Amino acid sequence: MIRRFCRGLMSLLALALSTAATAGEIKQVGDIEVDTPWARASVGTSRPAAAYLTIRNAGDRADRLLAVESPLAGHVMVHASTQQDGIMKMTPLDVLDLPAQGEVNLAPGGTHIMLMDLQQPLEEGRELPLRLILERAGVIEVSARIGSLAARTPPD
Amino acid sequence: MTARTERLIIAFAAGLALLGIVFFAFSVFWHDDGRAGQTSSSSSSSALIKSDFELVDQTGSPIADEDFKGSWQLVFFGFTYCPDICPTTLDTVSAVMEALGSDADSVAPLFITVDPERDTPDVMADYVANFDSRIIGLTGSPEQIKAAAQAFRVYYNKAENTDAPDDYSMDHSAFLYLMGPNGEYVSHFSHNDDVEKIVAGIREKI
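From first to last, the protein sequence lines stand for chains A and B.
So in my numbering, spot 110 of the first sequence is number 110, and the numbers just go up one at a time.
Numbers in my numbering are just positions in the second sequence, counted from 1, shifted up by 1000.
In isolation and in its complexed conformation, chain A is listed as follows (with noise of 0.2 Å):
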């Protein structure tokens, strides 16, 4: 009961969460811009589900993206999916580098914020609110728009 409470209780501060933050486009921190956070529909709650966004930073200094979080996920990981003599591997990573002046992509097929112990499915048409931890810039609050299982690109 008290259990049932409880998650009831997330899914609301999630969906609450999901509001406030702005949907999707750019969000900026100081000299950190996060554009076009997404994400895709997971099967269910067993399955991860993957989200991408784009890293900006017009600062000198480079910074690094230490952590992701997100109320929906018990589990967040940035993995890197790499091929070599065409065999794909997911490689997690420690942290994220993100250079001065530079931009970092996530995407399909390359690197990704991998999401796992999901606390309700992630359906299409919804927000995946998502916390990036970075060590200079610090917390950065964005929300993903879940596109569909097969997404590819961003939804519209």
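Only true hints are included.
Covered stretches of chain B (chain A as the covering partner; in silico rule of three or more C-beta atoms under 8 Å from a C-beta of chain A):
(1) 1072 to 1082
(2) 1086 to 1092
(3) 1122 to 1134
(4) 1168 to 1175
Because the hints were derived from the structure by calculation, they are not lab data.
Everything numeric in this text was worked out from a predicted model, so none of it was measured.
A virtual CB, placed ideally from N, CA and C, is assigned to each residue, including glycine.
Add chain B to chain A, keeping to what the hints say.
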């Protein structure tokens, strides 16, 4: 320098050169062997790739390569726990099937899991339902999957995650194989080839 030492030096140099040739030949051969069926499409290695499997589809029904006799097969391996590459590949295959129009009637798109532990027929059914309805999701026992992967010369390996044992990933060959009406290897594509290239490649053969 005496004639004897001169002969010795020449013999030594010749021996060294021979050793070099042998080593070179061995390294080239070994290198090619290691990649056979993965990137090479030469006749010697492609002859090794064949469609040969006994698996179950997403409804739980047994299905084997013989069930596709007379049909072309577009075969790719992956796993549903993969949130990035696999949905992208399935989406590519869906788009290929659509772009093929009536030519698609003679092509069976087969998605074979390399993760039978987690990918039960029910899971495969939930997963493939998100893509073109003609895509058939195949799973089986670990032994059946191993045999199927061997027939296609597909490499896969469980990449353990020490932090979260349930969240392991699978490294795997990410090719799309076009197999002929007798289950023979015809051609292959990379998972990141664009839809137009794959469609043109299939049309050229069928």
